[in-house]
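Engineer: Heads up: the protein sequence lines correspond to chains A and B, in order.
For the first sequence, counting from 1, position 36 maps to 43 in my numbering; every step adds exactly one.
For the second sequence, counting from 1, position 164 maps to 168 in my numbering; every step adds exactly one.
Just so you know, the hints here were simulated from the structure itself, not pulled from any lab data.
This one's a predicted model, so the numbers in the text were calculated from it and none came from an experiment.
Among these hints, one or two may not hold up.
[Unchecked claim] Pairs of lysine-lysine, BS3-like flavour, derived with a Cα cap of 30 Å:
no., chain 1, residue 1, chain 2, residue 2
1, B, LYS297, A, LYS59
2, B, LYS333, A, LYS143
3, A, LYS70, A, LYS28
4, B, LYS93, B, LYS165
5, A, LYS143, A, LYS95
6, A, LYS187, B, LYS297
7, A, LYS271, A, LYS59
8, B, LYS242, A, LYS97
9, B, LYS59, B, LYS297
10, B, LYS255, B, LYS59
11, B, LYS334, A, LYS143
12, A, LYS59, B, LYS334
13, A, LYS59, B, LYS255
14, B, LYS333, A, LYS95
15, A, LYS143, A, LYS70
16, B, LYS297, B, LYS334
17, A, LYS70, A, LYS281
18, A, LYS97, B, LYS333
19, A, LYS95, B, LYS255
20, A, LYS95, A, LYS187
21, A, LYS271, B, LYS334
22, B, LYS297, B, LYS93
23, B, LYS165, A, LYS271
24, B, LYS297, B, LYS255
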Amino acid sequence: MALPIIVTHRTDIFSLAVTDKQILSASGSNALQVHSTTGPDFPLVQTLEAHKVGCHHVVTDEKGLKAVSIGFGGEVLIWECQDEAWFKTKEVALTDVWAIALSADGQYLAGTTQNGHIKVWDLGADEEEIRDHETKGSFGTCIDLSPDGRLIASGHENGNVYIFSTETGRMPFSLSGLVKPVRTVAFSPGGKFLAAAGDSRVIVLYDTSSGEQVASLTGHSAWILSLSWSSTGEYLLSGSFDGKVKVWSIDTRNCVATHSETEKAIWSIKWLPKVGKSEAFATAGASRSISFYREATGG
Amino acid sequence: MDFPLGQDIQHAEPGLRVERSQAAVRQYIEETLARLIDEVCIAEDEGQPSITIKKRPVNANINFCVNPSTGALETDDRGTKITYTWPGKNAYEAWRFSITLRVLAAISEAFYAGLVISKRDIYYSDPAVFESQQVVNTLVDDFAYTIGVSRSDLNVEAAAKGLVTGFYQVTTTTGERIDARLLTNDCLIPRVQDISRLDVSDVDWVLILEKEAVFRRLSRSNFHTRARAGMGLIITGKGYPDLGTRAFVRKIYDLLRSSNPPPFYALVDSDPDGIAIMSMYKYGSMAHASENKSLVIPCLQWLGLRTSDLVENAENGDELMSLTARDRKKIVAMLSRNPVLTVDGPEAEWRVELQRMMMLNMKAETEIKYERDGGLEGWIDWEMERRAGV
């Protein structure tokens, strides 16, 4: 069951980040928008003019106290939240960084670079670069940190997927990869699985303890650009270039729902924090709007 | 010395414009040379021969904007005056003085003889002194800017670069007539100054192409007479257009815009250079900002290519190419500097398309359409009809 409620933007929305009470959206305009998710009509509560040439990634920590956004010009902004209002604390220059992920405690920022490096910066120590993993030089399109902070996963344009241990800085195992560009990687809430997807239109699930590929979910007919796990890890959401949104049951490995409200690319998709029994999620992209759906869980 | 600035010249009627431009060039040359001779004739060691020119605004530090009334990229910056004196403070200034004088002498010679010379001719008259073609190009453009005329008013032309094929007839000032309507071969774009009469009244559409290869293909298949949208004109500036190509397209636009004008389309590659080329036709260039208002094509429509369209239809995406590091830098520079592409600028769709290229890290060339259903021609037919609302 879907209840799409739509909030419109002026241009493509490239990234969403959620906190307990808010959703942050990054778009090709010069402003980040903050909408409240506690009210029924998701009112706009703040506009953060920050990225002159547009913003492609925004991420938040677990408590929703810190956010990091990165613009097309390469500028990285660090934000803090007080009384549900965000303010900019810092602008830093991190060379060639593209996709970013923030640790649950907000202390560490992980990022990919155009030449395939995976780096970690300590935001508690003046953004000191504490890790620099080199891969085969293919563009790092996407990145995620496991909820316990022990693992970093990255996806690359040449189809490779890597997992690094943040403690040792090593790759515990090599993953089989996806042949075509990977556009999104996401750890499950318990950290048991890593999901990866992209231009091959298949979602691959890896077991993070062995590196084995344990499932592949097929059904999308266009490039998959974004993945998001439900808070319990029971469901995985995927959004694709043709505007399709799919909900997958991890138990049965089946697609349990498909939404196709738009034919325009879904750049970002995110579950909202669970309220009561129902779960909701948001999608955004080339339709220039955020659509909110309520999903009756249990299929 | 006050320069007879060409502010009014650019807006005057064509016949009057040429007359005023010529008067301005003549006055500048005569005054400058007279002053030089005066200085040289002063007693030894006291004369200070010098030449003052205005450098065109360079784009790094100054603000450009899109003038809503002309649709052209313009700047309030009036450039910087520079005076080169002989013998000057050092060898560099002496060299600058002498090459500036050499270029002015070449312009003067061509102007009084009524001949057209190329920037290449000037450079090759003494490559050892000029050191590079770029030095000559910059000086010629700065002289035009100083006098307030266009480069062609100085009788200096770059070698003709653009190509045209299509349903037009032209009569040159020397009386030569070209009826291109049923010809299959293409022509070098004629100099606008050499055209006494151009007939494009039967043209239903104008298509500007980035690439010569695409132009050759459409020209070989007689697309200008076989398109479903009717009889057309196909033009290419072979990449970034020269002033001659832009002036020719603008002449067509001026001839057609009074009546119910046909659509003008741009077909460029889906990459940062493609968008920059289209922007140059539609809004002008930062290097020749003072001439933009008489060269822009405000009605130009973007026919394609869009990476996002290609992805939707891509069987496997293999024909799409990754952006290079230069492409990504170029996109960021364009988004940061070109006022056409700002968040409140006139081309929101170009802006978002550049951002999508960055997101996907992909670009595509026009040739990709050769192998698709209907081929390039079928696709252009479809896109033109869609835009015309058929």
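Engineer: Each hint needs a verdict: does it hold in this structure or not?
Structural biologist: The hints, checked one at a time:
Proposed proximity of LYS297 of chain B and LYS59 of chain A is supported: the alpha carbons are some 27 Å apart, at most 30 Å. Under the criterion of a C-alpha separation no larger than 30 Å, the hint pairing LYS333 of chain B with LYS143 of chain A is consistent with the structure, at around 22 Å. Taken as a hint, the LYS70 of chain A and LYS28 of chain A pair is honoured in the structure, with Cα atoms around 10 Å apart against an allowance of 30 Å. At roughly 40 Å between alpha-carbon atoms, LYS93 of chain B and LYS165 of chain B are farther apart than 30 Å, so this suggested pair is violated.
With a C-alpha separation of about 35 Å, the suggested pair LYS143 of chain A and LYS95 of chain A falls outside the 30 Å cut-off, and the hint is violated. Distance restraint check for LYS187 of chain A and LYS297 of chain B: the Cα-Cα separation of roughly 47 Å exceeds the 30 Å cut-off, and the hinted pair is therefore not satisfied. For the suggested pair LYS271 of chain A and LYS59 of chain A, the alpha carbons sit about 24 Å apart, so the restraint of at most 30 Å is met. For the suggested pair LYS242 of chain B and LYS97 of chain A, the alpha carbons sit about 45 Å apart, so the restraint of at most 30 Å is broken.
With a CA separation close to 19 Å, the supplied pair LYS59 of chain B and LYS297 of chain B stays within the 30 Å bound. Simply put, LYS255 of chain B and LYS59 of chain B have alpha-carbon atoms about 28 Å apart, close enough for the 30 Å limit, and the pair holds. Distance hint between LYS334 of chain B and LYS143 of chain A is fulfilled; the C-alpha atoms sit about 24 Å from each other, no more than 30 Å. Between the alpha carbons of LYS59 of chain A and LYS334 of chain B the distance comes to roughly 16 Å, so the proposed pair stays at or under 30 Å and holds.
Among the hinted pairs, LYS59 of chain A with LYS255 of chain B is inconsistent with the structure: their alpha-carbon atoms are about 37 Å apart, more than 30 Å. The hinted pair formed by LYS333 of chain B and LYS95 of chain A meets the criterion: a straight-line CA distance of about 26 Å does not exceed 30 Å. In summary, the hint linking LYS143 of chain A to LYS70 of chain A is not supported, as the alpha carbons are separated by about 35 Å, beyond the 30 Å threshold. Of the pairs offered as hints, the one joining LYS297 of chain B and LYS334 of chain B holds, with about 25 Å between alpha carbons and a cut-off of 30 Å not exceeded.
A C-alpha spacing of about 14 Å is found between LYS70 of chain A and LYS281 of chain A, which places the hinted pair at or below 30 Å, so the restraint holds. With a C-alpha separation of about 24 Å, the suggested pairing of LYS97 of chain A with LYS333 of chain B holds against the 30 Å cut-off. About 51 Å separates the Cα atoms of LYS95 of chain A and LYS255 of chain B, which puts this hinted pair outside 30 Å; it is violated. For the given pair, LYS95 of chain A sits about 37 Å from LYS187 of chain A by alpha-carbon distance, which is inconsistent with the 30 Å threshold.
Restraint check for LYS271 of chain A and LYS334 of chain B: the C-alpha separation of about 26 Å stays at or below 30 Å, so the hint holds. Of the supplied pair hints, the one linking LYS297 of chain B and LYS93 of chain B is violated, its CA atoms being roughly 39 Å apart against a limit of 30 Å. At roughly 40 Å between alpha-carbon atoms, LYS165 of chain B and LYS271 of chain A are farther apart than 30 Å, so this suggested pair is violated. Restraint check for LYS297 of chain B and LYS255 of chain B: the C-alpha separation of about 13 Å stays at or below 30 Å, so the hint holds.
Consistency with the previously given hints fails for numbers 4, 5, 6, 8, 13, 15, 19, 20, 22, 23, ordered from lowest to highest.
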